[in-house]
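> Construct the complete structure from the given sequences, taking the supplied hints into account.
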Amino acid sequence: MNEKRLPPWADEIPEGSFISYEPTYKVGEYFNRFHKDSCVTTDKGQMAYYFFDPTEHGFPKDKSYPLFVFLHGTSNALVGDVCINYAGAEFYSTDAYQKAVGGSYLLIPLANEYRDENGAVHGAWDETYVKAVYEIVCGFIDAHTYGSAKTAEASVSATGVKLSGTASVYGASGKKVVFGNSSGATMSFRMVNAYTSFFNALVPIGSGDIPDDETLDRYDENDVHLFYAIGKRDEINSFAEYVEPRIPRLKRMKHCFLYTPEWVRNGDKGIASINFGFEMGQHCLINPMHCNLMFDDGTNMDERLPNGVTGWLASFLNDDSSADCRATGNAAKRGTATGNAPKTDAASRDEK
1 MNEKRLPPWA DEIPEGSFIS YEPTYKVGEY FNRFHKDSCV TTDKGQMAYY FFDPTEHGFP
61 KDKSYPLFVF LHGTSNALVG DVCINYAGAE FYSTDAYQKA VGGSYLLIPL ANEYRDENGA
121 VHGAWDETYV KAVYEIVCGF IDAHTYGSAK TAEASVSATG VKLSGTASVY GASGKKVVFG
181 NSSGATMSFR MVNAYTSFFN ALVPIGSGDI PDDETLDRYD ENDVHLFYAI GKRDEINSFA
241 EYVEPRIPRL KRMKHCFLYT PEWVRNGDKG IASINFGFEM GQHCLINPMH CNLMFDDGTN
301 MDERLPNGVT GWLASFLNDD SSADCRATGN AAKRGTATGN APKTDAASRD EK
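In this note's numbering, the protein residues as written are 1 to 352.
Hints are supplied without guarantee of correctness; some may be wrong.
Subject to a maximum C-alpha distance of 20 Å in a straight line, what follows is the list of computed DMTMM-like cross-link-like pairs (lysine to aspartate or glutamate) [as the list claims (entries may be wrong)]:
no. : residue 1 : residue 2
1   : Lys269    : Glu303
2   : Lys269    : Asp302
3   : Lys254    : Asp217
Derived from the structure by calculation, the hints contain no laboratory data.
Printed below as a string of structure tokens:
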């Protein structure tokens, strides 16, 4: 587990700062708000997922709610319910977060990961999962959401999945946001790269696999909102090599918020250190993001976000200029992947 050893950057921290070796929040307090289910996908067979239904926690069933999809990091599918936390979804089930965004469905697909006899992880997210995750999202909307109940004529999405009529292909869930942590962040890019007109926003946390200019142009054409978060001292993704050269292009996007802290900090304001065989505290920006970019004393980690990440989400969800055109219209057109494969300008790197 996490050994309290000095990280390699210990002598570089600002004067007056201290090292914080673990998040200050409790893991698992809200796991009982989630359910677990599975579905059969075309390319990956049976896949499990966790989900949260806001209508079980005080929100009425006669309206649509957004859908937040959380994609976990490598090996996290192997830790049981703790994956809900590691993916950054747990606190989004709390009354405070739900109230802030006006209610939302939460969906955490699980990669079909396993360990071999030597302990190496196989089956982590890669490009072969893109269609399967899309099928899970569409299947979840059909099976578990309420809302605009336009008893739609049986529509067929790009995957060939027929929906029962309890929800239209895109309707019941409202806007769709993909969150991703580490390799899940790279996967979130893959999902939106492939289904740009289906998803409304993405929040990749800790990935250097920024799409190429042509793909970012498609984001803009489809009014996709991007909240891109990565620490400047990320131990797995070189900020200088993979991120810094792309910052000017990201800043030219129609809808892009950049959160690139010099130091990743925990809720106690200490600089984050986590060692699981190697130092990765600055890579684990998911922890403060999960805490809404708020310190334990209630102050914000970024003055541009007085209400944290949920404030950014609420603003996006309530923005009429980015109204969800994906909720109606031709299913085949709206659900079709753009191109034959997701495009990025850098090969995906192994990430935890």
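> Does each hint fit the structure? Answer for all of them.
How the hints compare with the structure:
1. Lys269 to Glu303: Holds, at roughly 15 Å.
2. Lys269 to Asp302: Cα-Cα ~12 Å, so holds.
3. Lys254 to Asp217: This hinted pair holds, its Cα atoms lying about 9 Å apart.
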